[in-house]
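Novice: Produce the complete structure using the sequences and hints provided.
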Amino acid sequence: MPFSRPAVGFLVRLVGVRPSCCPPSRAFAAVRAQKIQLPKKKRRLDEVCLERFQQYSRTYIQSWILQGKVIVDGRVVNKAGTQVSDKSVIEIKAEIPKYVCRAGHKLEAAIKGFDIDCDGKIALDSGLSTGG
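In the numbering used here, the protein residues as written are 171 to 302.
Hints were generated in silico from the structure; no laboratory data involved.
Among the hints, erroneous ones may be present.
The calculated DMTMM-like cross-link candidates involving lysine to aspartate or glutamate, where the alpha carbons are at most 25 Å apart (straight line), are [what the hints assert, rightly or not]:
#, residue 1, residue 2
1, K257, D295
2, K282, E265
3, K263, E278
4, K268, E221
5, K257, D243
6, K257, E217
7, K239, E261
8, K212, E261
9, K268, E278
10, K212, D256
11, K249, E221
12, K282, D295
13, K239, D256
Specialist: Dropping the structure here:
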């Protein structure tokens, strides 16, 4: 059945037609996308620590945060993604480990415990315990 014209006095609704006074929505979105973003007031704790303590690696800093050895404004923080202010006071209560794993500490304790003299000797860690 073909469409017929509406009767006189009938209101016709135009769908999808905008009045000429309103700009298209795409132009509005483009204007919004060009806004200048303000700098963030807070940043991740690990990023701020990396910036302030450049002598330590990201791995050490993240490890210390998880161990609860990083204090922010007097409170222990144990999540690397915690948002902190650039003005926050950050303390690290940790040291760089003397050995890469526990085996170094165990070997040192054995040498001291058995009173072994290592002066002038050459030692080899073959890595057999880790499958190397």
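Novice: Could you run down the list of hints and mark each one as holding or not?
Specialist: Hints versus structure:
1. K257 with D295: violated (46 Å)
2. K282 with E265: Judged against 25 Å, a Cα distance of about 22 Å means the pair holds.
3. K263 with E278: holds (24 Å)
4. K268 with E221: Status holds; Cα separation ~24 Å.
5. K257 with D243: Given pair K257, D243 holds - Cα atoms ~10 Å apart, limit 25 Å.
6. K257 with E217: holds (14 Å)
7. K239 with E261: Given pair K239, E261 holds - Cα atoms ~8 Å apart, limit 25 Å.
8. K212 with E261: Holds, at about 17 Å.
9. K268 with E278: holds (11 Å)
10. K212 with D256: Cα-Cα ~7 Å, so holds.
11. K249 with E221: Between K249 and E221 the Cα gap is close to 17 Å, so the pair holds against 25 Å.
12. K282 with D295: holds (18 Å)
13. K239 with D256: holds (19 Å)
Checked against the numbered hints above, the structure breaks only hint 1 and satisfies the rest.
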